[in-house]
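Work out the full structure, taking the sequences as your base and the hints as a guide.
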Amino acid sequence: MATTLWNLVDPTAPPRPQKAAQRGLAPRLESLDGKTLGFLSNMWPSVRPTFARMREVAAQRYSLRGAMLKERAVTSSAAPPDIMGPLSTDCDAVIVALGN
Amino acid sequence: MASSARATSPRDLLSVRPSLDAINERAITEGWSDGLPIIPPTERRVDAMLRALGRSGEDVVATLAPRNGQATLEKIAANAVMAGCRPEQFSIVVAAVEALADERFNLHAVQATTGPAGPCLIVNGPVRRSARMNCGRGCLGPGNQANATIGRAIRLVLLNIGGGAPDTVDKATHGFPGKYTFCFGEDEENSPWPPLHVDRGLSPTDSAVTVLAANGVMNVVTTVLTRPWDMLLWVANAMSYMGSNNVVTAAGEWMVVLTSGHARLLSQQGMSKADAQRHIYDKAGFPTSQMPQMMRAHRQSRIRVGDMTKPCQRPEHILLVVAGGAEPHHIAVVPTWGDSYAATRRVPVPAYAVAEN
Numbered sequence: 000m001a002t003t004l005w006n007l008v009d010p011t012a013p014p015r016p017q018k019a020a021q022r023g024l025a026p027r028l029e030s031l032d033g034k035t036l037g038f039l040s041n042m043w044p045s046v047r048p049t050f051a052r053m054r055e056v057a058a059q060r061y062s063l064r065g066a067m068l069k070e071r072a073v074t075s076s077a078a079p080p081d082i083m084g085p086l087s088t089d090c091d092a093v094i095v096a097l098g099n
Numbered sequence: 000m001a002s003s004a005r006a007t008s009p010r011d012l013l014s015v016r017p018s019l020d021a022i023n024e025r026a027i028t029e030g031w032s033d034g035l036p037i038i039p040p041t042e043r044r045v046d047a048m049l050r051a052l053g054r055s056g057e058d059v060v061a062t063l064a065p066r067n068g069q070a071t072l073e074k075i076a077a078n079a080v081m082a083g084c085r086p087e088q089f090s091i092v093v094a095a096v097e098a099l100a101d102e103r104f105n106l107h108a109v110q111a112t113t114g115p116a117g118p119c120l121i122v123n124g125p126v127r128r129s130a131r132m133n134c135g136r137g138c139l140g141p142g143n144q145a146n147a148t149i150g151r152a153i154r155l156v157l158l159n160i161g162g163g164a165p166d167t168v169d170k171a172t173h174g175f176p177g178k179y180t181f182c183f184g185e186d187e188e189n190s191p192w193p194p195l196h197v198d199r200g201l202s203p204t205d206s207a208v209t210v211l212a213a214n215g216v217m218n219v220v221t222t223v224l225t226r227p228w229d230m231l232l233w234v235a236n237a238m239s240y241m242g243s244n245n246v247v248t249a250a251g252e253w254m255v256v257l258t259s260g261h262a263r264l265l266s267q268q269g270m271s272k273a274d275a276q277r278h279i280y281d282k283a284g285f286p287t288s289q290m291p292q293m294m295r296a297h298r299q300s301r302i303r304v305g306d307m308t309k310p311c312q313r314p315e316h317i318l319l320v321v322a323g324g325a326e327p328h329h330i331a332v333v334p335t336w337g338d339s340y341a342a343t344r345r346v347p348v349p350a351y352a353v354a355e356n
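Going line by line, the protein sequences match chains A and B.
Mapped onto numbering that gives the first Met the number 0, the consecutive letters of the first sequence carry residue numbers 0 to 99.
Mapped onto numbering that gives the first Met the number 0, the consecutive letters of the second sequence carry residue numbers 0 to 356.
Everything labelled a hint here was simulated from the structure, so no lab data went into it.
Be aware that a few hints might be false.
[Claimed, not checked] Sample of chain A residues facing chain B (criterion: CB under 10 angstroms; computed from the structure):
(1) P14
(2) S30
(3) A72
Every residue gets a Cβ at the ideal spot worked out from N, C-alpha and C, and that includes glycine.
Here it is as structure tokens:
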């Protein structure tokens, strides 16, 4: 005899579609020549020398127009507008420090 | 059978063998249980929750990080059923979910941190009684159906909607037992002071729930003290350890759960709640010179006063709540995760209560 199955309401929820995913990724840069490179630090001690070295290497390989370093004191939440603003308006690419 | 609490969209259903053992095995295998047995979220049980609230199951209450899952009332109800909640308790769960999504609570980080952070729910107002919550003896411990299952429902919501799966997303080094459930009501009737939700701007007749990113509970035994203000001195002492998340991040709040006995003794000395907060704050902290070298010390200036380091930025960041047995014997001190602040939401009067009136 076939067993009758029970229907349960699925307690799990799928992720909401992200705006960024809907928009797609920004066009990739072919080169950093003539570009402004941003660095967003999470202020762990290892980040500053790492970023300094990355900037050095980038400057050796490309003709950067400029570079901008921003440091965020709180890393457990989104960077505030006073940090995100200049990075998004003045930089062509940004390197973000994660972890420690 | 079509549900009266349901609109037109098809419901997400799981077909299962009609066996409690099989359902629980599946819940564990698929990761939608906290490890304890669950009540099967049948359509009938979920509909009973929704009817008690008088709202559509498709209403979206919040988007919960880090998965950014959409917390519809139906999904929340399924988790509340699994936790063992009763329909008359569902409105508290829903309001708590709204509070968890408050930006200041910083849910994304609370869910994913290596720290032992988990939401503590403090319930105020008339709903404590209609939900049959324990606000008195043993309120932080086992034995009360409402306290146990409302807190557990929130854990299941964070798991199944927020995506806080242990190990893969929830990176807690140890976690703490309060992540299974941590919920209680304030003993408002026996307190000489205004309750927590009034401190946070609501009316005394409102019902409300406050969520706090707790990091465990410390006990301060005050049975041997003879002067009320010395009880606060010991609370201050308990809050003064260097390695708390609150000190390391120089942020967040503490909760101090006094008994009505403590509150009365302090009130008889003429102390208001604000006075008690100030007294604890003034006595708390340690000499900054004792603090060892630490990384990421750039925020420490926010909690330095003279040559002392305080456990929080301001006296108001010490949330005083009255609950537990009446005797002034023990005080529960709750540190928090740091980069997170309490959020409070009004609990609406459930539909059944309106109908009864």
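These are the hints, each one checked on the structure:
no.	hint	in the structure
1	P14	5 angstroms, holds
2	S30	34 angstroms, violated
3	A72	6 angstroms, holds
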